[in-house]
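Residue-level listing of the chains:
2 protein chains.
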Amino acid sequence: VGRWKPNAQQRLVLAALDLFMERGYERTTVIEIAERAGLTKSTFFRHFSDKREVLFGADTMTALLVEGIAAAPAGAAPLEAVASALDAIGMHAFTPERRAFVARRRAVIAATPDLQEREALKAFGLTASMVDALRQRGVCDLTARVASQLGSLAWQIAYDRWIDASDGTDFAETLRRTLAELSTQYLLLTRDLAG
Amino acid sequence: VGRWKPNAQQRLVLAALDLFMERGYERTTVIEIAERAGLTKSTFFRHFSDKREVLFGADTMTALLVEGIAAAPAGAAPLEAVASALDAIGMHAFTPERRAFVARRRAVIAATPDLQEREALKAFGLTASMVDALRQRGVCDLTARVASQLGSLAWQIAYDRWIDASDGTDFAETLRRTLAELSTQYLLLTRDLAG
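Chains A and B are the protein sequences, given in the same order.
Residue numbering for the first sequence follows the working numbering, beginning at 5 and increasing consecutively.
Residue numbering for the second sequence follows the working numbering, beginning at 5 and increasing consecutively.
Any given hint could be a false lead.
Result set (DSSO-like, lysine-lysine): computed pairs, CA atoms no more than 30 angstroms apart in a straight line [to be verified]: (1) B:Lys55 to B:Lys45; (2) A:Lys55 to B:Lys55; (3) B:Lys126 to A:Lys126; (4) B:Lys55 to A:Lys126; (5) B:Lys55 to B:Lys126; (6) A:Lys55 to A:Lys126; (7) B:Lys126 to A:Lys55; (8) B:Lys45 to B:Lys126.
No wet-lab data here; the hints were simulated from the structure.
Starting from the given sequences, assemble the full structure and let the hints guide the process.
Following this line, the structure appears as structure tokens:
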């Protein structure tokens, strides 16, 4: 019986987020995070290599993204393959119940240069994984880079919009609308340059 | 009289590049870099905060980029402002005499995860600076982000192409051609999505 208990990894993430918000990232130690979660330091290090990793977790996102692109129908256009893979991640990571958590995580990262670096590198790695996954589908290098860059920018903008929206719009819809808007922007910006 | 002597900063950069290529980044120390350059460790630290910074130098690129975007004619389209600023940097950093140096620098970075991270963060910072500089010109946020992302991708691709070209094509021309090609890619990818 008793109340629902999240697993150790989730407890560590929530404890870290609380502490980072209360006293700042720099002034929080791994021991304090473990204590707040009711766990030991060695349990912490079984789940994360260091304090910086606690908000970034295992690399499920990259795996989901690569799988999603590979699983798109054979005839799918490159950008459609990217969009459906991003939708799949959104359904996993950006559910309505997680909105408050994601918003707090974003606030902590925005306040901490070290975490901003980590977030930027993660975005960079995700984009590189998309490029590889598209190449695996036989998409040429230049097209793969353009589609991945566009998907990555749409993702970043949709992420902010989804957190800030008060009307409970779901992530997939926000992403699709953002992609359409960006596409219009690209058309307007590039029509004079294209050969 | 005697032969030309580059200044201390340049000597440190060249010494570091030699040592990184000879024995790898990890196995090279700051003291060895200073010795190879005929300088002291404290001179090294007057120019660079640590070993990782020696290939990234002062932040002249960001300054040139921001100035270049601000200096574009009032009527210039956002992407034109970005392209002319990138041309200006290219003329500064990617001269024919520097091609061999830039190629060696790229090889060392490609072999060193730590330096790849630093390079990725630098690209990220440059893109953010472009977005800010465009906003200063009154460009709306979404357009500024799209133009900067496109400029940044063109820059990365043109950089590789310029290093690999054996025909001595100059950087500005490579960049312009790459931008036109990317524009065509965007048109092909997005025409079905744009509203």
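So, going through the hints one by one against the coordinates:
Between Lys55 of chain B and Lys45 of chain B the CA atoms are separated by roughly 11 angstroms; this keeps the pair inside 30 angstroms, and the hint holds. For the hint pairing Lys55 of chain A with Lys55 of chain B, the CA-to-CA distance comes to about 24 angstroms; that is within 30 angstroms, so the pair holds. Restraint check for Lys126 of chain B and Lys126 of chain A: the C-alpha separation of about 14 angstroms stays at or below 30 angstroms, so the hint holds. Taking the CA atoms of Lys55 of chain B and Lys126 of chain A, the gap is about 23 angstroms. The hint holds against a cut of 30 angstroms.
Taking the CA atoms of Lys55 of chain B and Lys126 of chain B, the gap is about 16 angstroms. The hint holds against a cut of 30 angstroms. Annotation: proposed proximity of Lys55 of chain A to Lys126 of chain A holds, straight-line Cα distance about 16 angstroms (limit 30 angstroms). Proximity of Lys126 of chain B to Lys55 of chain A is assessed by CA-CA distance (about 23 angstroms); at most 30 angstroms being required, the pair is judged to hold. Under the criterion of a C-alpha separation no larger than 30 angstroms, the hint pairing Lys45 of chain B with Lys126 of chain B is consistent with the structure, at around 25 angstroms.
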